[in-house]
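**Student:** As a plain string of letters, each chain reads:
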Amino acid sequence: MGELTLMFSKAISYGSVWDYAASESVVESQRWILSTMQKYGQELVTLLWRILGNEQDVCDAYQDTFLQLAHFEGGQKPDNVKAYVFRVANNVAISMLRRRIAEKNRLPMAITSSKSISSPVKELNSKYLQETLRECITQLPEHLRDVVTLRDLAELSYAQIGKILGISGATARVYRCKAIQLLAVWMNKEE
Amino acid sequence: MKMTEMKTKNKCRRIRAWLYSTISRSFGPEANWLNDHIMRCPRCQRRLVSCGKVNLALSFMKSQPHELDLLMRANTQTIAVLKHSLRSELKAQKLETKLPEPKMLERYSKYGHSLVNLAACIVILLLMKIGVFSSMGQFHNQGQRVMKQYYARQVGEDLADEVFPKDTKPPSSSNYRGFTNA
Numbered sequence: 034m035g036e037l038t039l040m041f042s043k044a045i046s047y048g049s050v051w052d053y054a055a056s057e058s059v060v061e062s063q064r065w066i067l068s069t070m071q072k073y074g075q076e077l078v079t080l081l082w083r084i085l086g087n088e089q090d091v092c093d094a095y096q097d098t099f100l101q102l103a104h105f106e107g108g109q110k111p112d113n114v115k116a117y118v119f120r121v122a123n124n125v126a127i128s129m130l131r132r133r134i135a136e137k138n139r140l141p142m143a144i145t146s147s148k149s150i151s152s153p154v155k156e157l158n159s160k161y162l163q164e165t166l167r168e169c170i171t172q173l174p175e176h177l178r179d180v181v182t183l184r185d186l187a188e189l190s191y192a193q194i195g196k197i198l199g200i201s202g203a204t205a206r207v208y209r210c211k212a213i214q215l216l217a218v219w220m221n222k223e224e
Numbered sequence: 002m003k004m005t006e007m008k009t010k011n012k013c014r015r016i017r018a019w020l021y022s023t024i025s026r027s028f029g030p031e032a033n034w035l036n037d038h039i040m041r042c043p044r045c046q047r048r049l050v051s052c053g054k055v056n057l058a059l060s061f062m063k064s065q066p067h068e069l070d071l072l073m074r075a076n077t078q079t080i081a082v083l084k085h086s087l088r089s090e091l092k093a094q095k096l097e098t099k100l101p102e103p104k105m106l107e108r109y110s111k112y113g114h115s116l117v118n119l120a121a122c123i124v125i126l127l128l129m130k131i132g133v134f135s136s137m138g139q140f141h142n143q144g145q146r147v148m149k150q151y152y153a154r155q156v157g158e159d160l161a162d163e164v165f166p167k168d169t170k171p172p173s174s175s176n177y178r179g180f181t182n183a
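Read top to bottom, the protein sequences are chains C and F. Its first residue numbered 34, the first sequence is counted upward by one per residue in the working numbering. Its first residue numbered 2, the second sequence is counted upward by one per residue in the working numbering.
These are computed hints drawn from the structure, not numbers from a lab. We put the beta carbon where it would ideally sit given N, CA and C, even for glycine. There could be a bad hint or two in this list.
Stated by the list, open to error - Derived lysine-lysine pairs resembling DSS-like cross-links, with alpha carbons at most 27 Å apart:
| no. | chain 1 | residue 1 | chain 2 | residue 2 |
| --- | --- | --- | --- | --- |
| 1 | C | Lys72 | F | Lys95 |
| 2 | F | Lys63 | C | Lys211 |
| 3 | C | Lys160 | C | Lys211 |
| 4 | C | Lys115 | C | Lys196 |
| 5 | C | Lys72 | C | Lys160 |
| 6 | F | Lys54 | C | Lys137 |
| 7 | F | Lys99 | F | Lys84 |
| 8 | C | Lys196 | F | Lys84 |
| 9 | C | Lys110 | F | Lys95 |
| 10 | F | Lys84 | F | Lys95 |
| 11 | F | Lys104 | C | Lys115 |
| 12 | C | Lys72 | C | Lys196 |
| 13 | C | Lys196 | C | Lys211 |
| 14 | C | Lys115 | F | Lys92 |
| 15 | F | Lys149 | C | Lys72 |
| 16 | C | Lys110 | F | Lys92 |
| 17 | C | Lys115 | F | Lys99 |
| 18 | F | Lys111 | F | Lys99 |
| 19 | F | Lys63 | F | Lys104 |
| 20 | C | Lys196 | F | Lys104 |
Stated by the list, open to error - Reference listing, derived: stretches of chain F covered by chain C, where coverage requires no fewer than 3 residues with Cβ under 8 Å from a Cβ of chain C:
| no. | region |
| --- | --- |
| 21 | 61-74 |
| 22 | 87-94 |
Bound conformation, chain F alone (with noise of 0.2 Å):
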């Protein structure tokens, strides 16, 4: 049953992805019917170029920078026309000598590429202690396993279960670090 809904939700899901394509295809903004259209119409050209333009004069207006102390003048400002209960209050005094700072995003956002890395790192590690420790393990169990067969049927049971006793614990991952270093 679970199987069957795996199936249908894959399905589901290709599909989806070809129907997005396709259709971005055939009308996104790079669909090659409208980039033809829009060479040949000098009307949508002029519609195009209007609505860069909008987008331009929004970028000037973001990117024209104001002076430094701008906030701390207008909350000054303000908090003189304020009650004069409140002018007095200490966070008033702090707001009056406030700096824009940036958002918390922008600041960190310098470590990211770092972070990633870090965490690249610590997920290798982690995969690593699990899988390959845990398959090392096994290996090493198999392979004792092997050997007692070996001496069992070349020197007897009882000097093979003197050799390898029962109760010999799987050897931990600590023993290992050794031989990866090696």
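Just chain C, with the same shape it has in the complex (with noise of 0.2 Å):
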């Protein structure tokens, strides 16, 4: 009985020192992520704050980001750090962005009040404006909304926007060309 005992409490010392071990080895791996919100966190707050404009969805959407890079490949580092939380956080902003437009949209039109606001009072409606922009860049092709994102609303250079999407500087200063065109286009139709 007593070296039943003995050998049970054994086990369970080794036991705990296994857990120890592995939460240690866990902790070292996963480090890379603490580091990762302390050197990219501000810039992806902001990115995140200037596309929702919502601080509660700008956590939510933060927390996402992280969670996503906590599982890549179960725990394994992306080679472009930078890139691929840049690349989530957009992505993750966008659809909440889309989210919440469609449960506007299904409001009754007398509770969204900005429909009522004239034409030249709509046009000085900082609100209005900042609204009907980011309903638009919902709508633009992914190529051109990632590059007008990063470019406008994150102020990355033309090179490091190539880096994180894999493409050439001149390529994505065509595609922020394009996008504009086309945002400018919509807004009109938008009035």
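Starting from two chains that each stand alone, build the complex the way the hints lay out.
**Tutor:** Below, the structure is given as structure tokens:
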């Protein structure tokens, strides 16, 4: 009986040592997530804030981004972490924005007040302009949308955008030009 | 050979500059024909206005401020769903209290003007040290030579050598400090 107790207590102590070693290795292997958060957190929050314009949504999108990063291929570190987090954050934010717009469109017309504002006032209304632009950005094709958000909202250089999206800086410049033209046409139609 | 190469390069540079200015004058956004066309074309006016509107909306989006603790809150919310071992890390605790910091360039931009002034002062001092003092030394040597020649003509070579010995070193720049200050 005494031997059994001894063996059991030994097993428990070995188990706890094993658990401790395992948790240490997890910390070691996933510490880069915290470093990524420290390095790009501020830029990501700025990007998300400018896309979403709502603080709670920003926190949710930020959380989603890092959860996806932590679970990337079973906890592996992506080759280009910056590219990964920026693309994921962008996609998460756009999905949230689309959902929000769809919900807003489901509401009856009377509740959505902006439609009732007369046109010249609308043009000077910064909130209205921002919301319209956000709606238009969600409708852009992915390759153009990524360039616009990374260039104009994250304020990255064309070279950095090229690296993130796997295209050349010149291509990014062309995409941005096309995107602005499309947005201009759509924003005119909105009125 | 090198001279011709240099001339060709200068010519190329001039042609490039001329081409650039001519093209931007004729086809740039400030070209007269373009301005005239836009003044008369309502379609182009509409396009320009709508492009301006997009840029305006983008500026509004960029200038909208958020709460100072947004980064802190986002970090806290994210760290709360990470593995427990990561949550207890010191770095994680620091991230939970992190506030946005201005970028290096933004932080030091206020010193930019003073730095430029300081650099200019250093350059001027260096130029003075190298250029002015070396020419002062040359001037002194030549003056000494002329004086020696004069003495040699007037009182003879031996006496001139005595007054101006050959191993006299040219004066160092430090000798001129008093002179420049005066």
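**Student:** State for each hint whether it applies.
**Tutor:** Going down the list of hints, with the structure as the test:
| no. | hint | in the structure |
| --- | --- | --- |
| 1 | Lys72/C to Lys95/F | 13 Å, holds |
| 2 | Lys63/F to Lys211/C | 21 Å, holds |
| 3 | Lys160/C to Lys211/C | 24 Å, holds |
| 4 | Lys115/C to Lys196/C | 10 Å, holds |
| 5 | Lys72/C to Lys160/C | 31 Å, violated |
| 6 | Lys54/F to Lys137/C | 23 Å, holds |
| 7 | Lys99/F to Lys84/F | 20 Å, holds |
| 8 | Lys196/C to Lys84/F | 31 Å, violated |
| 9 | Lys110/C to Lys95/F | 22 Å, holds |
| 10 | Lys84/F to Lys95/F | 16 Å, holds |
| 11 | Lys104/F to Lys115/C | 18 Å, holds |
| 12 | Lys72/C to Lys196/C | 17 Å, holds |
| 13 | Lys196/C to Lys211/C | 20 Å, holds |
| 14 | Lys115/C to Lys92/F | 19 Å, holds |
| 15 | Lys149/F to Lys72/C | 73 Å, violated |
| 16 | Lys110/C to Lys92/F | 18 Å, holds |
| 17 | Lys115/C to Lys99/F | 20 Å, holds |
| 18 | Lys111/F to Lys99/F | 24 Å, holds |
| 19 | Lys63/F to Lys104/F | 16 Å, holds |
| 20 | Lys196/C to Lys104/F | 21 Å, holds |
| 21 | 61-74 | holds (count 9) |
| 22 | 87-94 | holds (count 4) |
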